[in-house]
Amino acid sequence: MHRILSNEVLAPDVHRLWVEAPHVIRKRRPGQFVIVRASEDGERIPLTIADVDPARGAIALVIQGVGKTTMFINELPAGGSLLDVVGPLGRPTRIEPGSRVCCVGGGIGTAVVYPIACGVKSLGGRVVSIVGGRTRDLVILEAEMRHVSEQCIVTTDDGSYGMKGLVTDALVELLDKGEVFDEVVAVGPLPMMRAVCDVTRSRNVPTIVSLNPVMVDGTGMCGGCRVQVGGEQKFVCVDGPEFDGHQVDFDGLAARLRAYREQEAAALVQFRRDHDLECEAMGTV
Amino acid sequence: MAKKIGQKTKTPMPCRDAVERSHSFDEVAQGYTAEMAIAEANRCIDCKNRPCIAGCPVEIDIPTFVAQVGAGDFEGAYRTLSSKNLLPAICGRVCPQEDQCEAECTLGVKFDAVGIGRLERFIADWAAEQGLEPVAEVAEPTGHKVAVIGSGPAGLTVAADLARLGHQVTVFEALHKAGGVLIYGIPEFRLPKSIVAREVHALERMGVEIKTNHVIGRTFTVDELFSELGYEAVFIGTGAGLPHFPKIPGLNLIGVYSANEYLTRSNLMKGYRFPESDTPMIRGRRVAVIGGGNTAMDAVRTAKRLGAEDAILIYRRSRVEMPARAEEVEHAEEEGIEFILLAAPTAILGDDRSRVRAIRCERMELGPPDASGRRSPVPIPGSEFDIEVEVVVFAVGQGANPLIRDTTPDLHVNKWGYVKADPQTGATEKRGVFAGGDIVTGGATVISAMGAGRRAARAIDKYLSTQSPDGFA
Ligand SMILES: Cc1cc2nc3c(=O)[nH]c(=O)nc-3n(C[C@H](O)[C@H](O)[C@H](O)COP(=O)(O)OP(=O)(O)OC[C@H]3O[C@@H](n4cnc5c(N)ncnc54)[C@H](O)[C@@H]3O)c2cc1C
Ligand SMILES: Cc1cc2nc3c(=O)[nH]c(=O)nc-3n(C[C@H](O)[C@H](O)[C@H](O)COP(=O)(O)OP(=O)(O)OC[C@H]3O[C@@H](n4cnc5c(N)ncnc54)[C@H](O)[C@@H]3O)c2cc1C
Ligand code: SF4
Ligand code: SF4
Ligand code: FES
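Protein sequences appear in the order of chains A and B. Going by the numbering used here, the first sequence opens with residue 1, and the numbers climb by one from there. Going by the numbering used here, the second sequence opens with residue 1, and the numbers climb by one from there.
Hints in this document: simulated from the structure, not taken from any laboratory. Source: prediction; values computed, not measured. Cβ coordinates follow ideal geometry from the N, Cα and C atoms, glycine included. Hints are not guaranteed to be accurate.
Claimed, not checked - Okay, derived cross-link-like pairs now, DSS-like style, lysine-lysine, Cα gap no bigger than 27 Å in a straight line: (1) B:K211 / A:K27; (2) B:K145 / B:K420; (3) A:K121 / A:K27; (4) B:K110 / B:K145; (5) B:K4 / B:K110; (6) B:K193 / B:K247; (7) B:K247 / A:K234; (8) A:K177 / A:K121; (9) B:K145 / B:K211; (10) B:K177 / B:K193; (11) B:K10 / B:K110; (12) B:K420 / B:K211; (13) B:K145 / A:K27; (14) A:K27 / B:K177; (15) B:K193 / B:K84; (16) B:K462 / A:K234; (17) B:K462 / B:K211; (18) B:K420 / A:K234.
As the list claims (entries may be wrong) - What follows is a set of in silico ranges between Cβ atoms, one per label pair, in the way DEER data are often shown: (19) A:D158 / B:L229: 52 to 60 Å; (20) B:S227 / A:H147: 57 to 65 Å; (21) B:L349 / A:A266: 23 to 31 Å; (22) A:P77 / B:R285: 30 to 38 Å.
Input sequences plus hints: build the corresponding full structure.
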């Protein structure tokens, strides 16, 4: 059992939970994730370790409610608990000390790129960050990103906040101005990561992306997290989650992420129905 | 003192009706009644040279135990059994007896061998019903600490044997439940999970600490188990690793699984109860499973139970070469599994939504025997044909898990990534580190993993008292 120390709303459907997991923080490095199971009969889902607090022996999870499990977890109150937290899993980000890195986060991806930006800074590197959201409310962790960046550009698709446009628009502007990066790290929805890779490929800027396939064990046993990278089969939980973005087969990954769409939708409908009944019974609606 | 031969055939195992059971995850084989067990035991002719014992990797005193069953002394039989075998209820169910103990049985030369596995299962189940505990006296604490990585049959055996000797043992398990393949791989209809849970619980009663959700190589490295946590010896029993896929087009289509994933979703995550449980699986109307071992048989019978109208097994050799237990192949046939033999996939075909539509296969013929002694399949040119399916499950073996190897630089592995260990002692070339089970041999059997665990426990005990391992170093 892992106690939830706090649960705060960062954006609509996006929560940050601080969860006790002392066995995880000991060795955790930027880029790594945990696998969480909220309850008996619950699914095992991977979540990035967004931050650590050694004093409390706790990790931060920033979770977007997209389906049954993530919505269930986001509703757990401080003082509640998660049944299982396994980790740290995956290979840590490879960070060259003193490098200059452009960290691009789209939507929930900002929570994945934030610990990487912290890692770059702590190794004497410099970070320029681009944080995007569809609209103002969906931009998360801006203050945290500013804190570790020499420059932080915010973009929104609808122009409700920061620069109007996509994160790639901001990236193109930076590169066209002559900014030089040793590397771009991009994390967000697949179309965004693919678009970033298209921008950097022609300009020869090495680009790392963090992939989010469906996982089960996270230990290299089931093979469910396989993706094609540079024509080779890779297993994201043990070989990743970060890969050379210019080599990733995004189409294959996108297709595999749709595998359970119908079942997921059914599970969510049922979850919502049960949840509404429960609220009704407790007189909260 | 050899007795006269009586009944020539094995007493049949009562099984649930094939049609009914092919829709249910309840156990198929029901087990002998006491009368059946006594009748079967009395078929044993008590051979003087006792050849059956040599066929058992943990050397159960089979003639004595069988005679005790025959005499109705079930408690005595249980004591004989449990003094050698930690997990008799499991081995009685899943050992490939026809290749092991029963292969050596004298009666088997002309008639059916004595049903040693079935008797073993009967006695273990009887003892559980009576609430008998395994012989589990624990010696005075020695003060030595040992870490065991992995809670499959190898790890469980090492842990039990060392705990009996008074050592303090911690088992680190990556998943949220202990048991290894016994929990995530072998389905409920063949090995009820309550039996595995009972054996794990017995270990805990002996004072073994089981830490689930601990991935060694990540949460702690092997070196940290020594330096930070103060263990004096480490046993690696992490089982086989990443599943193999053949190099054919279409592997990333939706509906393609490894058997490990398919079975883990169903067994460990209870996907067969979705949406009551949260882990989904694709339930095709037509499912093809590729392979001929126990894993393939478990996957294809699981597909049937998940509602497939056609559950098809595709194997590249002929039926006699199938490595699966004979009983499982028979059960699969009775349940209406379709066998396509002497065929191998060449491509998986998808529809416009990236879902599996069909599997393309080519016919094979058997050529001369290969290194394993089995006749190797050779493709027949121009023999390709398509089978319409929605799900394809590959059960064609697995490699070694990279996590421990990659984080333990001085651990030696062979060219396939399996840990090099002395077959007699499990000692590796790294001081204080022992290994056994599938991570050393590649995919093998439950009882051979237990045998390796038993030998390693003996060597670890010796190492702790003398600090000098047999074998390497
Ligand atoms: C290495 C890694 C790190 C991640 N980090 C974060 C994070 O920090 N914050 C965050 O909000 N999300 C993160 N994710 C994604 C998160 O795991 C999924 O959103 C979650 O599993 C969805 O579960 P659900 O039941 O709520 O939704 P579902 O209804 O099950 O699924 C919604 C969508 O999520 C994806 N998904 C479903 N099951 C899984 C699974 N077992 N593993 C991965 N994806 C799945 C599918 O694309 C699906 O269409 C990460 C994924 C990976 C692989
Ligand atoms: C579907 C299937 C059916 C089978 N049927 C039969 C049968 O009928 N009869 C038979 O005799 N054999 C059968 N086998 C083979 C048999 O199950 C294996 O040979 C046996 O389980 C191997 O035991 P083990 O202890 O070496 O490893 P496993 O049982 O594989 O257990 C290893 C454990 O270690 C854990 N682990 C792995 N890496 C780490 C890590 N880094 N840190 C912590 N823990 C870790 C794993 O999660 C797992 O729980 C079958 C196998 C499968 C897959
Ligand atoms: S443990 Fe297996 S091999 Fe040994 S006697 Fe029992 S069934 Fe036979
Ligand atoms: S070989 Fe068969 S008949 Fe002979 S003692 Fe063993 S079990 Fe009995
Ligand atoms: S999640 Fe199972 S191998 Fe990666």
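Structure-based check of each hint:
1. B:K211 / A:K27: holds, 17 Å
2. B:K145 / B:K420: Judged against 27 Å, a Cα distance of about 23 Å means the pair holds.
3. A:K121 / A:K27: holds, 19 Å
4. B:K110 / B:K145: Violated, at roughly 51 Å.
5. B:K4 / B:K110: Satisfied, since the Cα-Cα distance of roughly 14 Å is no more than 27 Å.
6. B:K193 / B:K247: Measuring from Cα to Cα gives roughly 35 Å; hence the hint is violated.
7. B:K247 / A:K234: holds, 13 Å
8. A:K177 / A:K121: holds, 23 Å
9. B:K145 / B:K211: Holds, at roughly 15 Å.
10. B:K177 / B:K193: holds, 11 Å
11. B:K10 / B:K110: Distance of about 12 Å is within 27 Å: holds.
12. B:K420 / B:K211: holds, 26 Å
13. B:K145 / A:K27: holds, 23 Å
14. A:K27 / B:K177: Since the Cα atoms of K27 (chain A) and K177 (chain B) sit roughly 23 Å apart, the hinted pair holds (cutoff 27 Å).
15. B:K193 / B:K84: holds, 22 Å
16. B:K462 / A:K234: violated, 42 Å
17. B:K462 / B:K211: Holds - the C-alpha atoms of K211 (chain B) and K462 (chain B) are around 25 Å apart, at most 27 Å.
18. B:K420 / A:K234: The given pair, whose Cα atoms are some 25 Å apart, holds under the 27 Å limit.
19. A:D158 / B:L229: 52 to 60 Å: holds, 53 Å
20. B:S227 / A:H147: 57 to 65 Å: violated, 35 Å
21. B:L349 / A:A266: 23 to 31 Å: holds, 27 Å
22. A:P77 / B:R285: 30 to 38 Å: violated, 43 Å
In this structure, the hints that do not hold are numbers 4, 6, 16, 20, 22, in rising order.
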